[in-house]
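Everything in the first sequence is counted per this note's numbering, starting at 593 for the first residue and increasing by one.
No wet-lab data here; the hints were simulated from the structure. All values reported here derive from a predicted model rather than from experimental measurement. Glycine included, every Cβ here is placed at the ideal spot set by N, Cα and C. What you were told as hints is all true, and nothing was included just to trick you.
Here are the simulated DMTMM-like pairs of lysine to aspartate or glutamate, each with C-alpha atoms no more than 25 Å apart in a straight line: (1) Lys1016 with Asp794; (2) Lys642 with Asp655; (3) Lys628 with Glu959; (4) Lys666 with Glu676; (5) Lys824 with Asp936; (6) Lys619 with Glu636; (7) Lys757 with Glu1019; (8) Lys975 with Asp644; (9) Lys979 with Glu617; (10) Lys917 with Glu721; (11) Lys924 with Asp955; (12) Lys917 with Glu803; (13) Lys686 with Glu667; (14) Lys778 with Asp759; (15) Lys917 with Glu729; (16) Lys1016 with Glu959; (17) Lys642 with Glu699; (18) Lys783 with Asp762; (19) Lys778 with Glu1013; (20) Lys783 with Glu1019; (21) Lys824 with Asp714; (22) Lys924 with Glu914; (23) Lys666 with Glu682; (24) Lys757 with Glu1013; (25) Lys628 with Glu729; (26) Lys917 with Glu733.
Computed spacing ranges between beta-carbons, pair by pair: (27) Phe939 with Lys1016: 39 to 45 Å; (28) Asp823 with Gln685: 48 to 54 Å; (29) Glu980 with Thr1011: 54 to 60 Å; (30) Thr981 with Gln710: 35 to 41 Å; (31) Tyr829 with Leu749: 29 to 35 Å; (32) Glu1013 with Lys768: 29 to 35 Å; (33) Glu614 with Lys1016: 48 to 54 Å; (34) Pro1023 with Glu959: 23 to 29 Å; (35) Leu658 with Thr770: 54 to 60 Å; (36) Glu874 with Leu749: 23 to 29 Å; (37) Ser665 with Ala725: 56 to 62 Å.
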Amino acid sequence: MISTVKTREIYKFLRNMLQVNEIRENKEVFIQALTKRGLDVRTEFEAVLKADEDRRGTQAQLDDTLSQSNKFSKEIGMLFKQGEVQKANELKQKSVELKETSKVLQEQLNQATERLQQLLYDLPNIPHESVPAGTDENDNEEVFLEGEIPALGDEALPHWELAKKYDIIDFELGVKVTGAGFPVYKGKGAKLQRALITYFLDKNTEAGYTEYQVPLMVNEASGFGTGQLPDKEGQMYHVTADDMYLIPTAEVPVTNLFRGNLLMHNELPITCTGYTPCFRREAGSYGAHVRGLNRLHQFDKVEIVRIEHPDNSYTALEDMVEHVKGILRDLKLPYRILRLCGGDLGFTSALTYDFEVFSTAQDRWLEISSVSNFESFQANRLKLRFKETDGRNQLVHTLNGSALALPRVLAGILENYQTPEGIKIPEVLVPYCGFDMIS
RNA sequence: GGAGAAAUGGCAGAGUGGUCGAAUGCGGCAGUCUUGAAAACUGUUGAGGGUCACACCUCCGGGGGUUCGAAUCCCUCUUUCUCCGCCA
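With the hints as extra help, turn the sequences into a complete structure.
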């Protein structure tokens, strides 16, 4: 867990991470919305409001004490100038007493603030109104379906067997070098993967996203900023010697590029893309569902991130969805889009669309992209704001999505494009690969 | 890794114990002028907490200390820059 000293700093940094005022004003609406996640936060909200009241009360007392103390100090200064040393010394004594009082109050205030923060950061984001209620992936709502599922017949092989047959991915070698979940790509497999990365980046930059290359390890503050910490601490690899985390997605370093910024309104929107390997511990997953490329500890992903004016964030979300659709159409892969239900929605997200490609040989859908609007949830933690035209500072909305995650796209291509002669390369990728068949 | 310097508002950059939340410039906003724009001129402009609104409190890289009083003095951490060394 987090060391005590650091916790203090983080709390300070994250102050007011979910605005208490909003909870006060929209209490019932929020409580209602959170039932979609299967949560009853009534008692939590009461505790928040109570803690906030405590905090404000203590702050008021402290302010009064400090105010008095400041006045004395000024008077003392004046008295010394006028040569009234005795009077000054009397005041000094009083001032010392006030200082004692303020020390105690300060400590109380720190505690009250920590208590409030603790309560606040345990609360997940408020689901958007379109989010269906539900408990797990079975309640997700299919909103779009496109593409043709090829008829391959019984002899169709799952991708891990194709990988072996054509010697393009070696899972055992990865086990030797590192462990399960760290595959080695080889020959045309490696080339195809590199082609996909380049192709995705080109698509994204053509659509106006600025390409970034970012660090693959992040510090604690970044983890908090995008919401991976403390909620998902166990899912990230932690380099304890230097107290850094291997990134689980480019979202973390890319979004944190803007942490703490006060942007001008005309700087919005900011759109970024970046390719990174991603590292996930994914503890506790076993069985056929994690075979081959289905679930890995290290995988490649090209991410898109947007920082938007709150009024535009849902338009932006639709725009991102259309963008990802375009890529899948290019690749001619059958896919569907799901609107995640409350129970399946990530802690930090207000609305998420999952893209799934149909994996023909496995006869199942594989998630290859997740596009989310976090509204002001991350911005609040990141202290990422912009100056409105009226001069007021407001939190931005952040969004991100995969465009795309590599392994399952690769799995989808291998399985859907398999022929008796070998694996055909999707037309758009041929120029990037330099070959049109893996055989 | 060794030696030195530095960290101030959106940016640049003054300020070394008491009316400093902080000069000045740029940028932003509003206005004058203009057919419109630019330029020029005038005004305005840090953030957080708190309040119905004031008052008031906090913040000059982070943390701690000295003092009645700290941007200013001390300790410590972090970061940046310059020079040297090492290195893909």
